[in-house]
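Asker: Sequence:
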Amino acid sequence: MEDLFGASAFHMADVGGKTSSYRRALAMGRIMVGATAFAHIRDQTLPKGDVLKIAEMAGITGAKKTADLIPLCHPLPLDHVAIRLLLEPETNSVAVYAMVACFAKTGVEMEALSAVNGALLTLYDLTKPVEPALRLCDISLLLKEGGKSGTWIRPEGLPDVVAGLVKTAAARPLEGVNCAVLTLSDRAFSGTYSDRSGPALSAALQGLGARIVVSEILPDDQD
Numbered sequence: 000m001e002d003l004f005g006a007s008a009f010h011m012a013d014v015g016g017k018t019s020s021y022r023r024a025l026a027m028g029r030i031m032v033g034a035t036a037f038a039h040i041r042d043q044t045l046p047k048g049d050v051l052k053i054a055e056m057a058g059i060t061g062a063k064k065t066a067d068l069i070p071l072c073h074p075l076p077l078d079h080v081a082i083r084l085l086l087e088p089e090t091n092s093v094a095v096y097a098m099v100a101c102f103a104k105t106g107v108e109m110e111a112l113s114a115v116n117g118a119l120l121t122l123y124d125l126t127k128p129v130e131p132a133l134r135l136c137d138i139s140l141l142l143k144e145g146g147k148s149g150t151w152i153r154p155e156g157l158p159d160v161v162a163g164l165v166k167t168a169a170a171r172p173l174e175g176v177n178c179a180v181l182t183l184s185d186r187a188f189s190g191t192y193s194d195r196s197g198p199a200l201s202a203a204l205q206g207l208g209a210r211i212v213v214s215e216i217l218p219d220d221q222d
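To convert, note that position 79 of the sequence shown is 78 in numbering that gives the first Met the number 0; the numbers rise steadily by one, no gaps.
One should not assume that every hint holds.
Restraint-style ranges between C-beta atoms, simulated for each label pair [said to hold, decoys possible]:
#, residue 1, residue 2, range
1, 219, 66, 15 to 21 Å
2, 9, 44, 43 to 49 Å
3, 190, 41, 31 to 37 Å
4, 135, 186, 50 to 56 Å
5, 67, 35, 33 to 39 Å
6, 124, 163, 27 to 33 Å
Below, a list of computed lysine to aspartate or glutamate pairs in the EDC-like style, where the Cα atoms sit at most 20 Å apart [what the hints assert, rightly or not]:
#, residue 1, residue 2
7, 127, 87
8, 147, 174
9, 63, 108
10, 104, 67
11, 52, 42
12, 63, 78
13, 52, 124
14, 104, 194
15, 104, 215
16, 127, 49
17, 127, 194
18, 147, 215
19, 52, 108
20, 64, 108
21, 64, 130
22, 104, 78
23, 17, 215
24, 47, 130
25, 104, 13
26, 47, 124
27, 147, 108
If you are wondering where the hints come from, they were derived from the structure by calculation, not from laboratory data.
For each residue, glycine too, the CB sits at the ideal point set by N, CA and C.
Modelling step: build the complete structure from the supplied sequences, incorporating the hints.
Answerer: Shown next as structure tokens:
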């Protein structure tokens, strides 16, 4: 069977052997709209209505629809999606920030980026009647957490407005520590029921900065 499908041009990554953990990603983007359109956005006088509220909803929808839009993404049960739009009068722009979180076997980076793009494209669509010269820019992943790789922050650092979302070293006392999580349960080992304690402990350890290198289920009495 593996030989048969090994020749296929595309395939979703097999994450069946991975352990679920708490995943979080933060992304951003920006739309440059010019002075006239910025005033309409600020004053809520665009022909189609309050673009900021609609763009927030579009961002959430974008995160939820990621697997439908990007062919090889895994459908993920998202636990949390938050969108924040900030007016930037000094540059006549609107910045979009998206935070996505879930408990899964793979990351939510694409969901966060899809959320940003959904919000930005909605801003574009509702603003273009008053200003056709719009520009999307600065779309990037700022932060991802979870899995064996732990926490990643973009090399340029985080914008000041979201810097507080990253836990300080004092709040992550296990940063750089490798941990093994072993669940001892005959019934979980045999598949009678799913292990919930192991993943919960892994998520808690990762939240403190630890890197989970081993996660296994073992029987209570092993010969």
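Asker: List in ascending order the numbers of the hints, as given earlier, that are violated by the structure.
Answerer: 1, 3, 17, 19, 21
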